[in-house]
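Asks: Going down the list, the protein sequences come from chains L and U.
Going by the numbering used here, the first sequence opens with residue 126, and the numbers climb by one from there.
Going by the numbering used here, the second sequence opens with residue 304, and the numbers climb by one from there.
These are computed hints drawn from the structure, not numbers from a lab.
Please read all numbers here as calculations on a predicted model, not as lab measurements.
Be careful, since some hints might not be right.
What the hints assert, rightly or not - Just some of the chain U residues that point at chain L, by a computed CB distance under 10 angstroms:
1) V367
2) V369
3) A437
4) A495
5) H517
6) R544
7) D566
8) E571
As the list claims (entries may be wrong) - Pairwise CB distance ranges (calculated):
9) L:N254 - U:G337: 24 to 32 angstroms
10) U:D447 - L:P227: 27 to 35 angstroms
11) U:K502 - L:D385: 50 to 58 angstroms
By construction, the Cβ of each residue, glycine as well, lies at the ideal position given by its N, Cα and C atoms.
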Amino acid sequence: MTREAAVTDGAATAVPERGDSLVEVRDLKVHFPITRGILFDRVVGHVKAVDGVDLTIPRGRTYGLVGESGCGKSTLGRAILRLTRPTSGTVVFDGIELTGLPADRMRAMRRRMQMIFQDPMSSLDPRQNVESILIEGLQAHGIGADRAARRKLITRTLDAVGLPTWALSRYPHEFSGGQRQRIGIARALVLGPDLIVADEPVSALDVSVQAQVINLLDELQEELGLTYLVIAHDLAVVRHISDVVGVMYLGTLVEEAPSDRLYSQPLHPYTRALMSAVPVPDPDVEDRRERILLAGDLPSPANPPTGCRFHTRCPWAQPTRCPDERPELRTIGASRVACHWAERIASGELRRHEVTAQLVRPEDAGDTPGTLATPSEPGSFV
Amino acid sequence: MALLEVEELSVTFRQRGRRTVRAVDGVSFSVDAGEVVGLVGESGCGKSVTSLAIMGLLPRQAGVTVEGRADFDGTDLLRVDRRTMRDIRGRDIAMIFQDPLSSLNPVLPIGRQVTEVLARHRGLSGEAARREAAELLDRVGIPDPTRRLREYPHQLSGGMRQRALIAIAVACRPRLLIADEPTTALDVTIQAQILELLKELVRDSGTALIMITHDLGVVAGMCDTVNVLYAGRVVETARRRPLFTEPRHPYTVGLLNSIPRLDGGRGERLSPIPGSVRDVLPWADGCAFAPRCSRQVPSCVGGPPALVLTHTDRSYRCVNPVPPAAGPATPADSGTAPAPTAGGSAAGETRTTAVPAAREEESA
C-alpha cells in the first residue's frame with residue numbers, strides 16, 4: 126500500500142533514533158480525594174488510582190499498558206498528558222518537564238501528544254461533520270496558513286487513515302464503528318503528534334474490524350515514526366502491537382517486559398495468572414494449558430492491601446515480607462518485576478497454594494444497606 | 304434424540320417507515336443433553352435474538368414475526384401458550400445475561416431474587432428456601448452466603464453479581480442453560496473464574512449449555528459443537544477441534560486470521576476481513592458474506608447458498624469453501640486458486656464483478 130508518508134511538516138516526522146526515550150515518568154502519583162459533608166467537603170481518604178509509577182517510553186516504539194478495570198491504567202495515561210493533574214511525580218516529554226509547565230505552554234505542547242479514545246461514538250461530536258472535527262485542532266494550534274492549506278492537510282490525513290475524501294462532509298453517525306475509530310485516529314494524527322495515547326482503541330469494535338484498526342495503527346507507526354502508549358485490557362491485542370508491556374495492578378506496575386517475554390516467561394504471579402486466564406482460540410492450547418485461577422476480586426484502590434498489593438490474591442504469597450514490605454521494581458533479565466520472590470518462583474522452589482477468596486466491595490457500596498461507603502483508613506470517620 | 308432441536312428459525316422485525324429486518328434467517332441447530340453448544344458471531348449476527356426467541360422473550364406484538372420450530376423435549380417452544388412457557392422458563396431452561404447489574408433487580412435483596420425461583424418452581428418457602436438459596440450461593444463460589452442473601456446487587460462486585468445470576472439460573476437444575484455473553488462485561492481473571500464455574504456446573508449436573516459469544520478463545524476452551532453465525536444465518540457448524548484446525552467457510556477462516564493470539568509473535572500482520580458487518584447485498588438472495596469474501600464467485604449471488612453437509616457432523620453454507628487442507632495457517636489470501644470442490648460450479652473463474660466489492664473506505 127503506497128501512501129504519502131509525511132502527513133505533517135516539521136521535525137515530528139523525522140525518522141527517530143531508536144533507543145532514546147520520548148517520555149519518562151518518575152514516581153507518578155494520582156490520588157483522588159474522597160470527600161464527605163454537605164457544606165464543607167471534608168477529605169476522608171484518597172483513592173490511590175496511580176501510586177508511584179516509573180516508566181520510560183522509547184521513541185518510535187509502542188508501550189502497552191494492561192491491567193484489569195480499576196487498576197489505574199487510564200488514569201496513568203491521562204496523567205501523562207496532564208489531562209488529569211498528577212498529585213506528585215514528574216513526566217518528562219522529549220526533555221521538557223510537563224508537570225510544572227504553565228497552562229499556555231502546556232496547551233501548545235498538546236499538539237505533540239494526542240489521544241485516541243475507546244468509544245468513537247461518544248468522543249466525536251455528533252453535530253460536527255468530519256471536516257469540522259479535523260479542522261478544529263488545526264485552528265486551535267494555528268497550523269496551516271489558510272483554508273486551502275488546512276484542507277490539503279486534512280485530505281492527506283484522511284487518506285492516511287483510509288477514509289475517502291467524501292467523508293469530509295459527513296457526520297459521525299453515518300459511519301460504522303471501525304470508520305468512526307478511523308476518524309478519531311485522523312483527528313489525533315492531523316496535528317502531527319510525536320506521541321499518541323490510545324485508550325482501549327479497539328475494544329468497542331467487532332473482531333473482524335479490530336484487526337483493520339490494529340493494522341492501521343501499525344502502518345502509521347512505520348510511516349510516521351509515531352510513539353504509542355496503548356492502554357487496553359485485552360492482553361492479546363496489547364501484546365500484538367507493543368514492544369514493551371507494563372502490567373498494572375492497583376495503581377502500580379508489577380511487571381514490565383518485552384512483549385515476547387511476557388508470554389514465554391512471565392515472572393510476576395499476577396502476570397502469570399493474567400496470561401493463563403486469557404482464552405486462546407486454539408483447542409489444543411486450551412486443553413493443555415494450566416490455568417491459575419485467582420481467588421476473589423480486585424481490592425478497592427481506596428484501601429489497598431499493605432505490603433505487596435497482590436498478596437491477598439497471590440497463590441505464591443509467603444508469610445514473610447509479602448504482607449508488610451512493598452516490593453520495588455527490580456530488574457531480572459530483560460524484565461522489571463515487583464515481587465520479592467520472583468526468582469524463587471521462576472525456579473520452581475516456591476509452590477502454589479490455595480487462596481480463599483476475600484469479599485471485595487464495589488466502590489460506593491457500604492457494609493450495610495443504607496449507609497455510605499466508608500474508607501477504612503486510620504483517622505477516617507463519617 | 305436431541306434435547307433442543309431448532310429448525311429453520313426466522314425472526315423478522317417490521318416497523319412502519321423502516322426497513323424490514325430479518326434478524327434471524329433460517330437458523331437450525333441442535334443441542335444434546337449435557338452438550339455445550341456455541342453460537343459465535345459478531346454484533347448483529349442474530350445470536351442474541353435466536354436465544355430470546357427460544358426463551359419466548361421477544362415482545363409478542365405486531366411486527367415481530369417468529370417462524371420455524373424449536374423442539375425442546377417434544378414441545379415446540381415457539382407455539383406453547385404463555386402459562387406453559389412460564390413453567391418451562393426457569394425450571395427447564397434458564398438464561399444468564401451479559402450484564403448482571405441490569406438483569407438483577409436493584410431494589411430487592413439477592414436472597415429474595417434467588418428464593419423467588421425456588422418458590423415459583425420448587426414450592427419451597429421460608430427457612431427451607433433460605434437454606435437452599437444459601438447453598439446455591441455457596442455452590443457458585445460466593446463467600447459468606449448467608450450474609451450475602453440479605454444484600455443488594457449494588458453491594459456485590461461484577462464477578463459476584465454474575466455468580467449470583469448463575470445461582471438463580473441453576474436453582475432448579477435446568478436441563479438447558481443459555482448463557483448470552485456471560486463474561487463480556489468482566490475482567491479476564493474474573494472471566495476465567497466464571498467460565499470455570501460454568502464448566503463445573505455442566506460437568507456435574509449434566510446440564511446442556513448454549514454459549515453465545517463473540518470470543519473464539521472462549522469457544523475453543525468450552526464448546527463441544529460450534530455454530531458460526533453471520534447476518535442471521537448459520538454459516539458453519541462443526542465440532543470444536545475441526546472448526547479450528549480445518550475451517551471451511553471463508554468467514555470462519557477470516558475470523559480466525561483476524562484475531563491477535565496471545566501466543567503469537569509480535570508484529571505479525573493480522574489479515575482482517577475487509578469491510579464491516581453493515582456491508583450486505585442490496586438484494587435479499589445470495590450469501591450475505593459475499594461483499595467481504597475473498598473467495599467470492601458469481602454463483603454467490605444467485606440464491607441463498609445451500610447447506611453443504613459433509614461427513615462427521617459438519618456443515619457449511621458456501622459455494623466456494625476453503626479447501627480442507629488450508630487451515631488458518633495458510634489463509635485464503637485470494638480467490639485466484641480456488642479448489643474445484645463440490646458445489647463450486649464456477650470455481651475456475653476468479654472474482655468477476657457480479658458481487659459488489661466491499662466498500663472502499665474500510666478495505667484497509
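Asks: Do the numbers back the hint for A437 (chain U), that is, is its least Cβ distance to chain L under 10 angstroms?
Replies: For A437 (chain U), the interface hint is violated, since the closest Cβ of chain L sits about 15 angstroms away, which is over 10 angstroms.
Asks: Would you say the C-beta atoms of N254 (chain L) and G337 (chain U) sit inside 24 to 32 angstroms of each other?
Replies: violated, 55 angstroms
Asks: Given a hinted range of 50 to 58 angstroms, is it respected by the beta-carbon distance of K502 (chain U) and D385 (chain L)?
Replies: Because 30 angstroms falls outside the window, the suggested range is violated.
Asks: Take the shortest C-beta to C-beta distance between R544 (chain U) and chain L; is it under 10 angstroms?
Replies: holds, 5 angstroms
Asks: Should the interface hint for V367 (chain U) be scored as holding, given a Cβ-Cβ cut-off of 10 angstroms against chain L?
Replies: violated, 25 angstroms
Asks: Should the hint that A495 (chain U) touches chain L count as held when the rule is a Cβ pair under 10 angstroms?
Replies: Hint holds; A495 (chain U) Cβ to chain L Cβ min 4 angstroms, cut 10 angstroms.
Asks: Using 10 angstroms as the Cβ threshold, decide whether E571 (chain U) counts as touching chain L.
Replies: It holds, given that the least Cβ distance between E571 (chain U) and chain L is near 8 angstroms, below 10 angstroms.
Asks: Let's test the interface hint: is any C-beta of chain L closer than 10 angstroms to that of D566 (chain U)?
Replies: holds, 6 angstroms
Asks: Could one say that the CB atoms of D447 (chain U) and P227 (chain L) fall in the range 27 to 35 angstroms?
Replies: violated, 53 angstroms
Asks: With 10 angstroms as the cut and Cβ atoms as the points, is V369 (chain U) at the interface with chain L?
Replies: Cβ of V369 (chain U) sits 26 angstroms from chain L, so the hint is violated.
Asks: Once the shortest beta carbon distance from H517 (chain U) to chain L is found, is it less than 10 angstroms?
Replies: Constraint on H517 (chain U) satisfied, holds at 6 angstroms.
Consistency note: the structure conflicts with the earlier hints numbered 1, 2, 3, 9, 10 and 11.
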